[in-house]
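*Asks:* As a plain string of letters, each chain reads:
Protein chains: 2
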Amino acid sequence: MTYCIGMQLDRGLVFMSDTRTNAGVDNFSTAKKMFHWQVPGERMITIMTAGNLATTQAMISLLRERSVTKKDRDPSILHETTMFQVARLVGATLKEVIAESSVNGQQSAEQFSASAIVGGQIKGGEPTIFLVYPEGNFIEITPDTPFFQIGETKYGKPILVRAYDPQMAYDDAVKLLLVSFDSTVKSNLSVGLPFDLQIYEKDSFEAGRILRIDEEDSVYQAISSGWGDALKEAFQHLPSYKV
Amino acid sequence: MTYCIGMQLDRGLVFMSDTRTNAGVDNFSTAKKMFHWQVPGERMITIMTAGNLATTQAMISLLRERSVTKKDRDPSILHETTMFQVARLVGATLKEVIAESSVNGQQSAEQFSASAIVGGQIKGGEPTIFLVYPEGNFIEITPDTPFFQIGETKYGKPILVRAYDPQMAYDDAVKLLLVSFDSTVKSNLSVGLPFDLQIYEKDSFEAGRILRIDEEDSVYQAISSGWGDALKEAFQHLPSYKV
Numbered sequence: 471m472t473y474c475i476g477m478q479l480d481r482g483l484v485f486m487s488d489t490r491t492n493a494g495v496d497n498f499s500t501a502k503k504m505f506h507w508q509v510p511g512e513r514m515i516t517i518m519t520a521g522n523l524a525t526t527q528a529m530i531s532l533l534r535e536r537s538v539t540k541k542d543r544d545p546s547i548l549h550e551t552t553m554f555q556v557a558r559l560v561g562a563t564l565k566e567v568i569a570e571s572s573v574n575g576q577q578s579a580e581q582f583s584a585s586a587i588v589g590g591q592i593k594g595g596e597p598t599i600f601l602v603y604p605e606g607n608f609i610e611i612t613p614d615t616p617f618f619q620i621g622e623t624k625y626g627k628p629i630l631v632r633a634y635d636p637q638m639a640y641d642d643a644v645k646l647l648l649v650s651f652d653s654t655v656k657s658n659l660s661v662g663l664p665f666d667l668q669i670y671e672k673d674s675f676e677a678g679r680i681l682r683i684d685e686e687d688s689v690y691q692a693i694s695s696g697w698g699d700a701l702k703e704a705f706q707h708l709p710s711y712k713v
Numbered sequence: 471m472t473y474c475i476g477m478q479l480d481r482g483l484v485f486m487s488d489t490r491t492n493a494g495v496d497n498f499s500t501a502k503k504m505f506h507w508q509v510p511g512e513r514m515i516t517i518m519t520a521g522n523l524a525t526t527q528a529m530i531s532l533l534r535e536r537s538v539t540k541k542d543r544d545p546s547i548l549h550e551t552t553m554f555q556v557a558r559l560v561g562a563t564l565k566e567v568i569a570e571s572s573v574n575g576q577q578s579a580e581q582f583s584a585s586a587i588v589g590g591q592i593k594g595g596e597p598t599i600f601l602v603y604p605e606g607n608f609i610e611i612t613p614d615t616p617f618f619q620i621g622e623t624k625y626g627k628p629i630l631v632r633a634y635d636p637q638m639a640y641d642d643a644v645k646l647l648l649v650s651f652d653s654t655v656k657s658n659l660s661v662g663l664p665f666d667l668q669i670y671e672k673d674s675f676e677a678g679r680i681l682r683i684d685e686e687d688s689v690y691q692a693i694s695s696g697w698g699d700a701l702k703e704a705f706q707h708l709p710s711y712k713v
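Taken in sequence, the protein lines are chains A and B.
Sequential numbering from 471 applies to the first sequence in the working numbering.
Sequential numbering from 471 applies to the second sequence in the working numbering.
Calculated from the structure, these hints are not laboratory results.
Do not take every clue at face value.
Where chains are identical, the list cannot tell them apart; a pair therefore holds if satisfied intra-copy or between any two copies.
To be verified - With a cut-off of at most 25 Å between alpha-carbon atoms, the simulated DSS-like pairs for lysine-lysine come out as follows: (1) K565 / K672; (2) K656 / K502; (3) K702 / K656; (4) K656 / K593; (5) K565 / K502; (6) K712 / K672; (7) K712 / K502; (8) K656 / K712; (9) K702 / K565; (10) K565 / K712; (11) K593 / K712; (12) K593 / K672; (13) K565 / K656; (14) K593 / K502.
From a predicted model like this one, the values you see are computed outputs, not experimental measurements.
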């Protein structure tokens, strides 16, 4: 499994992904799942992936090669004119990779399946985020659904729903993401530290802060242990149900 | 889907189940998923079910008929001598019902699948809870895993893990279950109110308080809205992550 969140704030976008990959619980390792492309002053695009690692790495490599090899430069993630076109490109590439691996039809297609979160901003447009499905189609973030999750989405969702606020500062947004990731890590072995974090400031057209947060991080530790205590205390203050 | 929890406390057992059943989001209704059998002074057994409604209803009916019809009285849930034997009976009955429906092999067996939580106490033994799988086998609760969940288990698990305490009063245990159920209801349409609640006091050998908690319940409303506010406040008090 995997856990990635792409979140839209009034002031920009925040992305966080875990780094654990596994083929069975007896075979796990660490792999980056967050990638970005930028043309400073013109575009910044971040992609996070979940699913079969061979599929997602092939997709990222194809997108990269097509953006650096001269003769294959078209279609290129660095030249699409809108984020919508970028999402189409990512969807088409993802679908192509899955189809290539799936010579044995539907069942093997599922085995090689993957999905992606694609976010960023291209000059002339607003910052936005897309959730790209293995079939190549996608949905765009809206104020009603201001964040997308992929991978193990359930454990960490309730706190996102309760505490999200579009006007949040980045510090608070990162705290919220860390709480959501921490709840997930505590419940599912297939999601693990370190976490990759990226912040994109609206209209900056370049990658903002990029951080890797590991288990040694003192603020993460304080949030993780503090959240357990805070939950217990919040729970104490609720009315009891007399039975 | 469904959501049921069976929880062991030092002072006894607490059971809670939702009541929503559905065949697609356009076809849902309310069905009881919690059932009990008792011989006051001698035994109290509670069963909660998740999965295919035809399967779980057939299983409950078979267990009931075998306990009331004279000629079929053996094997009977009212005559097994230990909770372990009761779990074996429930497992065998569940497996039998699934096999009966599954004339088309493995795939249709999955479609008719179901699981159950079986808890209670029989004179001469301690109160205990079993989680019964569709294959008819089962696991028993231990101090390391002091509660079982079936159905949509993920959204409501983090708070259970954080706030459970074996010495809890019933009032607090019910509050904890309501918080867990509330988080699940807010995230999954296939889990819904009203909730059925049953409390079994250790060595009482009879059903304790049995309640149905619906949306109009003022304490539930206070817990549901209070929990959102409490979470937000707990979140505010965590350290921010400076980026």
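*Asks:* Does each hint hold? Answer for all of them.
*Replies:* Status of each hint after checking the structure:
1. For a Cα distance limit of 25 Å, the shortest separation of K565 from K672 qualifies neither inside one copy, at 30 Å, nor across copies, at 57 Å.
2. Only within a single protomer do K656 and K502 lie at most 25 Å apart by alpha-carbon distance; the minimum there is 20 Å, versus 32 Å between protomers.
3. Proximity of K702 and K656 under a CA criterion of 25 Å is satisfied in both settings, with 16 Å inside one chain copy and 20 Å between copies.
4. In this homomeric assembly, K656 and K593 never come within 25 Å of each other (Cα to Cα): the closest approach is 40 Å inside a single copy and 38 Å across copies.
5. For the homomeric pair K565 and K502, the shortest alpha-carbon distance inside one copy (21 Å) is at most 25 Å, but the shortest distance between copies (44 Å) is not.
6. Taking identical chains as interchangeable, the C-alpha atoms of K712 and K672 lie at most 25 Å apart only when they sit on different chains, with a minimum of 18 Å there against 50 Å within one chain.
7. Taking the shortest alpha-carbon separations for K712 and K502, only the inter-copy value of 23 Å comes in at or below 25 Å, while the best intra-copy value is 49 Å.
8. For the identical chains of this complex, K656 and K712 are inter-copy neighbours only, at 23 Å across copies versus 31 Å inside a copy, given an alpha-carbon limit of 25 Å.
9. Taking identical chains as interchangeable, the C-alpha atoms of K702 and K565 are never at most 25 Å apart, the minima being 45 Å within one chain and 40 Å between chains.
10. Taking the closest pair of Cα atoms, K565 and K712 never come within 25 Å of each other, the shortest separation being 55 Å inside a single copy and 38 Å across copies.
11. Within a single copy, K593 and K712 get their C-alpha atoms no closer than 59 Å, and across copies no closer than 28 Å, so neither meets the 25 Å cut-off.
12. Proximity of K593 to K672 under the C-alpha cut-off of 25 Å is restricted to the intra-copy arrangement: shortest distance 11 Å within a copy versus 68 Å between copies.
13. For the identical chains of this complex, K565 and K656 are neighbours neither inside a copy (33 Å) nor across copies (33 Å), given an alpha-carbon limit of 25 Å.
14. Proximity of K593 and K502 under a CA criterion of 25 Å is satisfied in neither setting, with 27 Å inside one chain copy and 56 Å between copies.
Checked against the numbered hints above, the structure breaks hints 1, 4, 9, 10, 11, 13 and 14 and satisfies the rest.
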